[in-house]
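So the sequences go chain by chain: A and B.
Each residue of the first sequence is one higher than the one before, counting from 6 in my numbering.
Each residue of the second sequence is one higher than the one before, counting from 198 in my numbering.
If you are wondering where the hints come from, they were derived from the structure by calculation, not from laboratory data.
Wrong hints could be hidden among the right ones.
Said to hold, decoys possible - Just the calculated beta-carbon pair ranges, DEER-fashion: (1) B:S315 with A:E84: 18 to 26 Å; (2) A:K390 with B:S315: 49 to 57 Å; (3) B:M317 with A:A413: 21 to 29 Å; (4) B:Y403 with A:D346: 44 to 52 Å; (5) A:L358 with B:E272: 27 to 35 Å; (6) B:S292 with A:L358: 25 to 33 Å; (7) B:R405 with A:I356: 18 to 26 Å; (8) A:Q60 with B:M317: 51 to 59 Å; (9) A:H419 with B:V450: 32 to 40 Å; (10) B:G265 with A:E348: 58 to 66 Å; (11) B:G238 with A:A369: 51 to 59 Å; (12) B:M317 with A:E84: 30 to 38 Å.
As the list claims (entries may be wrong) - On the chain B side, residues computed to face chain A include the following (Cβ under 7 Å): (13) D274; (14) A303; (15) K307; (16) G311.
Where a beta carbon is used, it is the ideal one built from N, C-alpha and C, also for glycine.
In case you want the letters, here they are:
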Amino acid sequence: MSAFSREQITQLSQSQSEPKWALEKRLEAFAAIENLPLPKLEKTNIDRWNFSQFQLHQVDATFSQPEQLPVEVNRLFLEDHSNILVQKNDAVVYQTQKALQQGVIFTSFANAFQQHETLLKKYLFQQETAHRISAIHQAFMQGGVFVYVPRNVTVELPLQTVFWLAGEEAAIFPHILVVAEENSRVEIVANFLDTDAGAALSNSVIETYVGQGAKVQIATVSQFGDSVVDVMDRFAQVGRDGDMEWIVADLSDGRIISKSTTNLEGAGGHVDVKSVAFGANEMRSNITSEIFHFGTHTTSDIQARSVMKDKATSILNSITKIEKGASKSDGQQTGKVLMLDPEARGDANPILLIDENDVTAGHAASVGRIDPLTLFYLMSRGISKNEASKLIIRGFLDTVIADIPSAALRASIHETIEGKFTS
Amino acid sequence: MSTPNLDIRDLQVSIEDKQILKGVNLSVNGGEIHAIMGPNGTGKSTLASALMGHPKYEVTGGSVTIDGEDLLEMEVDERARAGLFLAMQYPSEVSGVTNSDFLRSAINAKRGEGNEISLMKFIREMDKQMDVLEMDESFATRYLNEGFSGGEKKRNEILQMMMLKPRFSILDEIDSGLDIDALKIVAAGVNEMRSPERGVIIITHYQRLLNYIKPDFVHVFMQGRIVKSGGPELAERLEQEGYDWVKEELGIVDETVGHKV
Ligand SMILES: Nc1ncnc2c1ncn2[C@@H]1O[C@H](COP(=O)(O)OP(=O)(O)OP(=O)(O)O)[C@@H](O)[C@H]1O
Ligand SMILES: [Mg+2]
């Protein structure tokens, strides 16, 4: 990280008008970067991936109408346009906010530091920076969004965010912090993309606090080009009878480390992880869904699917840990990889760790190719090989995609996947 | 269009270097129904699969034309679009693909880009044919053959045939596993398709099916070829007397194929 100095970190912090405690957290992380190791990933060697060579581009132009945004960005929005935040590199360039109930916060961090400092101080930067990548994130954190939903409030329409990377060696470090108080409900969609070639890094973190009886759904759709190292670290803490749903669409073409960790703390908490990936060319991905059951009667379900084309590689790790005392809990997981070409690679690693007797758990994992007899069957009805493969892939992913509540989001994921399949 | 014709000449087929078909000759015209009967393991399904272009079967000799075009030069999907249909003995299950999405893709593949069937028309047509086959409407949205019972799979094969209206249908043991009511329903479906525009090959072990679908020709299959042909009365005699008299007449000891090379 010799290319950067403490002064630059200080500047970053000041540009968001951050309080002193936040700057200190950043500088602490910055100092730790050199000494912290990279995370150890199952079957993926990341020693040569680029996490630290990048430029901090500044953006000046903002947009007042969605039509002014490039089509790649504009097409990401769902049917409803009420609550949108678009961040390009370091700055929010487009924002709408309509019809949010009293007390609901949906805002950039620069804003949040000024208006909601007490809340941020309670939740932000509370996790350990366990490895070099998370320390880099904490030091360089730029923008992102803060979502707060008060008790008993249901946010009816999804909150939509776009994190948009542009420019040679560009990097973004968005942080999404979601606090859902008791019995509240909220859905958030976060899109990640680049619009021109040559961007370097997206190093993002999502932190979610699901209060008692609250329900939070977060969908991330990543579609960076092949020059980008795309790291996303998601964390959720779920309270009593809380409900968390992660929808993860890893559609980037470069290098991907995609992880979600959910702690089911309170009794009766539930989490669903629905993860799909489609890789083409030389894409490499390591995708981990990790769940810790602490509370009694907690339930979890991981459904992960990866389709790999050309020379793409996918390692799917599903980890369910049921701690001692989490009795009457249930953990289920299914991870499947479908390889389309001889040089595509994939691996599914199902891990169940159970320290409590009175629980149920199950896992299924498979790595395979399109069955030639299935292909023959579909083709025998006049469907071309290409169309037949598309149908089979769609079917393979649909067990996960069909459950995504927004039709527009489903369609957009299908469209991206079909584009990649055909290219 | 001229009268449909499927012409099979001296067809020889191997699987994993083992020769199974040893010179099959058969010509089927529009309006004709041909029944193929024969003991287990004599190559009937092999003939059906090889005609459709099953990846495991290798054609080592002979020729097949469909309406004068070389069938064996075509890819599997081209064969289907040329008018060939195979109701399979063991159809695949395809998870995540609904029956109706699959059928619509198949119909549109035949109709070609820019000429896709309207959704309304498709649904109407599918409802109508499912009614004929007395299939519950839930089968439209279920995943293709997934968890279907044996009889439901057979009905679904016939549904596909009725939707796609192929010039030539090969029905491989469409009657096996069907109860008597289902058999009548499936037979009614096939009879509804009967027309000078269409030819049908029915592979079966039982005269019973042929009571409902009257064949014009009956062929006996042994040792990887047709060894005897006749009219409907041949099927009746086979039902009563079995195959021994045919073997005796032709001096055949082992009617199966591919076990000794
Ligand atoms: N995929 C295969 N692999 C190995 N042998 C095969 C394969 N398919 C067919 N055979 C062999 O070819 C021979 C003919 O099989 P086929 O299925 O054509 O018989 P059939 O006449 O349809 O029999 P049945 O009346 O029992 O359906 C059998 O000996 C069978 O074992
Ligand atoms: Mg057979």
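Could you tell me which of the hints above the structure violates, numbers in ascending order?
Numbers 2, 5, 7, 9, 10, 11, 12, 16, in rising order.
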